[in-house]
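Undergrad: Sequence:
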Amino acid sequence: MTMKDRVKIYPDNIKGILAATLFIKVTNCFQAIVLLSKKGLGIECAILTRALLEVTFPLKAIVESENFVEEFILTENWKRFKLMNVILNDKKSFSTIHSQISVEQKKELEEEIERNGYKDMSTEEIARRANMQTFYQTAYRNLSEDVHTTVRSLEAYVVTDEQGNITMFENGPQIFELKKHKTAIMCLLIAMDSLNDIFELKLDNNIKQFEEFILNGS
Numbered sequence: 004m005t006m007k008d009r010v011k012i013y014p015d016n017i018k019g020i021l022a023a024t025l026f027i028k029v030t031n032c033f034q035a036i037v038l039l040s041k042k043g044l045g046i047e048c049a050i051l052t053r054a055l056l057e058v059t060f061p062l063k064a065i066v067e068s069e070n071f072v073e074e075f076i077l078t079e080n081w082k083r084f085k086l087m088n089v090i091l092n093d094k095k096s097f098s099t100i101h102s103q104i105s106v107e108q109k110k111e112l113e114e115e116i117e118r119n120g121y122k123d124m125s126t127e128e129i130a131r132r133a134n135m136q137t138f139y140q141t142a143y144r145n146l147s148e149d150v151h152t153t154v155r156s157l158e159a160y161v162v163t164d165e166q167g168n169i170t171m172f173e174n175g176p177q178i179f180e181l182k183k184h185k186t187a188i189m190c191l192l193i194a195m196d197s198l199n200d201i202f203e204l205k206l207d208n209n210i211k212q213f214e215e216f217i218l219n220g221s
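Quick note, in the working numbering, the sequence shown goes up one by one and the last residue is 221.
By construction, these hints were calculated from the structure, which means they are not laboratory data.
Ideal Cβ positions, reconstructed from N, Cα and C, are used throughout, including at glycine.
Keep in mind that the hints are not guaranteed to be accurate.
Subject to a maximum C-alpha distance of 27 Å in a straight line, what follows is the list of computed DSSO-like cross-link-like pairs (lysine-lysine) [to be verified]:
(1) LYS82 x LYS42
(2) LYS122 x LYS28
(3) LYS85 x LYS110
Restraint-style ranges between C-beta atoms, simulated for each label pair [what the hints assert, rightly or not]:
(4) LYS41 x LYS7: 19 to 29 Å
(5) LYS185 x ASN134: 13 to 23 Å
(6) LEU86 x LYS211: 39 to 49 Å
(7) TYR13 x SER125: 25 to 35 Å
(8) GLN166 x ASN92: 49 to 59 Å
Build the full structure now, drawing on both the sequences and the hints.
TA: Right, dumping it as structure tokens:
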């Protein structure tokens, strides 16, 4: 029986629903990294690992931070408001849905946000609430270069000689053992620990055994 099979979800348990859906997203993302790794797509694995961190942060924050669930859900109001602004200010790009949103609707939502004190929450803030600041400041920032395509990130696609001259292009495959993807593995383990805590599954020993198995590459 898997961890997901042990989880019991009730319609009124918002915390449980959020935790379970985040965990599913973590495991799906991790499986995608494994598959891409086997194909030698190392850079693409790095891009997915950053996405994996973004899912792991809120799951861990549910455990570490009181009231996080409610605050995290309410950030949707800010995202809706910002999207409304984008659509209303760019009729050309959003011609098919522009007429479905009015200035009055945006104003009503803005007043609701101000009245209730809803706030947006950055990825850095979520990482802090999860007590994962080190992951954010190191792994997350470093992996962002592959996501946003900086000049430095493009160096992975060229081969240079001792003088730094480009001698050829590197188009793969770049094969890595799974245990080399330590950040992705740590995200999976943190997610498993978090789900174990939230649902009181009492699987500490099982998780420990899995940790030893996956880190040893057995």
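Undergrad: It remains to establish, for every hint, whether it holds in the given structure.
TA: How the hints compare with the structure:
1. This hinted pair does not check out: LYS82 and LYS42 have alpha carbons roughly 36 Å apart, beyond 27 Å.
2. Simply put, LYS122 and LYS28 have alpha-carbon atoms about 24 Å apart, close enough for the 27 Å limit, and the pair holds.
3. Distance restraint check for LYS85 and LYS110: the Cα-Cα separation of roughly 12 Å lies within the 27 Å cut-off, and the hinted pair is therefore satisfied.
4. The hint said 19 to 29 Å for the Cβ distance between LYS41 and LYS7, and at roughly 23 Å that hint holds.
5. As the Cβ distance of LYS185 to ASN134 is approximately 19 Å, the hint placing it in 13 to 23 Å holds.
6. Between LEU86 and LYS211 the beta carbon distance is about 43 Å. The supplied range of 39 to 49 Å therefore holds.
7. One distance hint, 25 to 35 Å for the beta-carbon pair TYR13 and SER125, holds here, with the actual separation near 31 Å.
8. At about 50 Å, the CB distance of GLN166 to ASN92 agrees with the hint of 49 to 59 Å.
This entry does not satisfy hint 1, going by the numbered hints stated previously; all others are met.
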